[in-house]
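For the protein sequence lines, the chains are L and H, in the order given.
All residue numbers for the first sequence refer to my numbering, where the first residue is 1 and numbers rise by one.
All residue numbers for the second sequence refer to my numbering, where the first residue is 319 and numbers rise by one.
FYI, nobody ran anything at the bench for these hints, they're computed from the structure.
Every residue, glycine too, gets a C-beta built ideally from N, C-alpha and C.
Errors might be hidden in some of the hints.
[Said to hold, decoys possible] Capping the alpha-carbon separation at 25 Å, the derived lysine to aspartate or glutamate pairs in DMTMM-like fashion look like this: (1) H/Lys513 x H/Asp604; (2) H/Lys597 x L/Glu171; (3) L/Lys195 x L/Glu228; (4) L/Lys279 x H/Glu489; (5) H/Lys611 x H/Glu589; (6) H/Lys513 x H/Asp545.
[What the hints assert, rightly or not] Examples of chain H residues lying across from chain L (beta carbon under 7 Å, computed): (7) Tyr404; (8) Pro476; (9) Leu477; (10) Glu482; (11) His485; (12) Ala567; (13) Arg607.
2 protein chains.
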Amino acid sequence: MGAAAWLGIDLGGTNCRLALIDARGRVRARRVMSTRAAQGPDAVLGRLGSAARELIAEAQERQLGARGIGVACAGVIDPRRGVVVYSPNLPGWRDIAMVKRLTVATGLPVVLGNDADLYAWGEYRFGAGRGRRDLMCFTLGTGVGGGLIVGGRLVSGPLGTGGEVGHVMVEPQGRRCGCGAQGCLEAYSSATGLKGMLQEALQAGRTSRLEPDDDVKAMAAAARDGDELARELFHRAGRALGRAMVAVAMITGVGLMIMGGGVAAAWGLMEAAAQQEIKQRLHIIDPGRLRVKLGELGDLAATMGAAALAKEAGVSPG
Amino acid sequence: MGAAAWLGIDLGGTNCRLALIDARGRVRARRVMSTRAAQGPDAVLGRLGSAARELIAEAQERQLGARGIGVACAGVIDPRRGVVVYSPNLPGWRDIAMVKRLTVATGLPVVLGNDADLYAWGEYRFGAGRGRRDLMCFTLGTGVGGGLIVGGRLVSGPLGTGGEVGHVMVEPQGRRCGCGAQGCLEAYSSATGLKGMLQEALQAGRTSRLEPDDDVKAMAAAARDGDELARELFHRAGRALGRAMVAVAMITGVGLMIMGGGVAAAWGLMEAAAQQEIKQRLHIIDPGRLRVKLGELGDLAATMGAAALAKEAGVSPG
Chain L
1 MGAAAWLGID
11 LGGTNCRLAL
21 IDARGRVRAR
31 RVMSTRAAQG
41 PDAVLGRLGS
51 AARELIAEAQ
61 ERQLGARGIG
71 VACAGVIDPR
81 RGVVVYSPNL
91 PGWRDIAMVK
101 RLTVATGLPV
111 VLGNDADLYA
121 WGEYRFGAGR
131 GRRDLMCFTL
141 GTGVGGGLIV
151 GGRLVSGPLG
161 TGGEVGHVMV
171 EPQGRRCGCG
181 AQGCLEAYSS
191 ATGLKGMLQE
201 ALQAGRTSRL
211 EPDDDVKAMA
221 AAARDGDELA
231 RELFHRAGRA
241 LGRAMVAVAM
251 ITGVGLMIMG
261 GGVAAAWGLM
271 EAAAQQEIKQ
281 RLHIIDPGRL
291 RVKLGELGDL
301 AATMGAAALA
311 KEAGVSPG
Chain H
319 MGAAAWLGID
329 LGGTNCRLAL
339 IDARGRVRAR
349 RVMSTRAAQG
359 PDAVLGRLGS
369 AARELIAEAQ
379 ERQLGARGIG
389 VACAGVIDPR
399 RGVVVYSPNL
409 PGWRDIAMVK
419 RLTVATGLPV
429 VLGNDADLYA
439 WGEYRFGAGR
449 GRRDLMCFTL
459 GTGVGGGLIV
469 GGRLVSGPLG
479 TGGEVGHVMV
489 EPQGRRCGCG
499 AQGCLEAYSS
509 ATGLKGMLQE
519 ALQAGRTSRL
529 EPDDDVKAMA
539 AAARDGDELA
549 RELFHRAGRA
559 LGRAMVAVAM
569 ITGVGLMIMG
579 GGVAAAWGLM
589 EAAAQQEIKQ
599 RLHIIDPGRL
609 RVKLGELGDL
619 AATMGAAALA
629 KEAGVSPG
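Using the sequences and the hints, build the whole thing.
So this is what it looks like as structure tokens:
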């Protein structure tokens, strides 16, 4: 059956990404399909199984034998039972036995993890965190997720909230977050947070070339063109990130912060404010020791992290 | 030489505590001596070596053979080199080769660690954290220190700041902390923070039975007697602790917070505010899952943690 390979799957609310990696971590085949989440778990799992089987067969023709599958999924995951307990972007997904069903569909061993955790794991194994043992990965998307790696291990802790940096408080009386609390990082540095701040500012009469429905891409373009309001909003997002980074550094001693997710494309607009905040708030060590890097794997980080997880689960000796 | 025992030493700016524990973690002998830090490192180390030798000889008479020594010390410690790099409460201590000198003085293997870390380690091994693998220990004293244990290991991280919860920001525009930053936990929930808030309030014309020079003990007594200002200051300290606890829970997933140090004696005056803050700010999980416990070992926590460290270093097979 040739050289060993592992299939990573990143199941998102809009798209589902699949990639096959070999023992050296090279991507040997990949595919993107629409999740069509509205069709419900059975339909999604059916198409997911087919796509996985196709990719595995395709690999076999190229002398690559798939040994296992790793799946990354947003929401509340029970990795031990292999169950998606609840996923906010996948309507109807309640206690779905992902591991069992995908094992039946493919005949391969399957492991399951949280998408932000596996994003961090991908960057750790193959991206901006290669060669380091300790890092925090921020995933700036619709919300803000994160994955914490300490001494080469993902930390989720008994509460299961390890790495949930999106809900670290950065402003005690600040904006209301989707979680219900006030002043969470996510209320400033996610796409939702940035768009919410834009709408509030426009409603308050601030002038800008931006419209209330503009997205983060449009906001970033406006900021780069010198739009004052847009620049200010990214500044607020960067300041919030700087505060959260200092909290991570003080609590864990981790010195490498990796910025991932779609909103990280605008990191250049947030960086100065984040660094200013770090300098202002990090006194007990040289603030220059806290390093911030952009992720390197982009859209494929969680997929590759999932494949790496399958590989490391050692479910099938090569 | 009889049953095995290990000597723990907690070297503080005022007192130095020594305790001998056996393989089951029972304290078999103990001593407290004045550090007399003003005499400088050589004199302190001389007396420390004598006290250690005495305790070891005393133990031997009772059929206990000391196998190793663990030392807890405040400040910047380099455990690998066994060096006290700098200690704020020990004048003149700069790059002191503690391990080497105490080994020469006693003939026993010596290990060295940070006092807040070893406080946490003591509570983990023998106190309020027994049987748990993940906890955060807050030491509320002159400052606020902390020790983070994840998966049964102390976390200090590449920055060496792991567990430094005293410098987690709880109020962006808040009180100036001794470290130079604004709004650190330590500026509210340490003895220094509480006394500073008292002085500010009295200067601002607040009425209270307290005087500007009163200490935390007096403040706690006044609060218990219903003094409004005193109650309010402990409320602020508790609120700050609640915020820091939520940050720890979100970043690490650790669900057990242990309150140690002298100021923790007033925990009853801070608890309601801390719990209120946790309920208000912890939304993504049931806030009741975050448990707060008082430390159980009191003054002896770091000493016992140091002895446990020596035991676990396995420096001399029993």
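Quick rundown of the hints versus the structure:
no. : hint                : in the structure
1   : H/Lys513 x H/Asp604 : 34 Å, violated
2   : H/Lys597 x L/Glu171 : 17 Å, holds
3   : L/Lys195 x L/Glu228 : 15 Å, holds
4   : L/Lys279 x H/Glu489 : 17 Å, holds
5   : H/Lys611 x H/Glu589 : 10 Å, holds
6   : H/Lys513 x H/Asp545 : 15 Å, holds
7   : Tyr404              : 12 Å, violated
8   : Pro476              : 5 Å, holds
9   : Leu477              : 4 Å, holds
10  : Glu482              : 5 Å, holds
11  : His485              : 5 Å, holds
12  : Ala567              : 6 Å, holds
13  : Arg607              : 6 Å, holds
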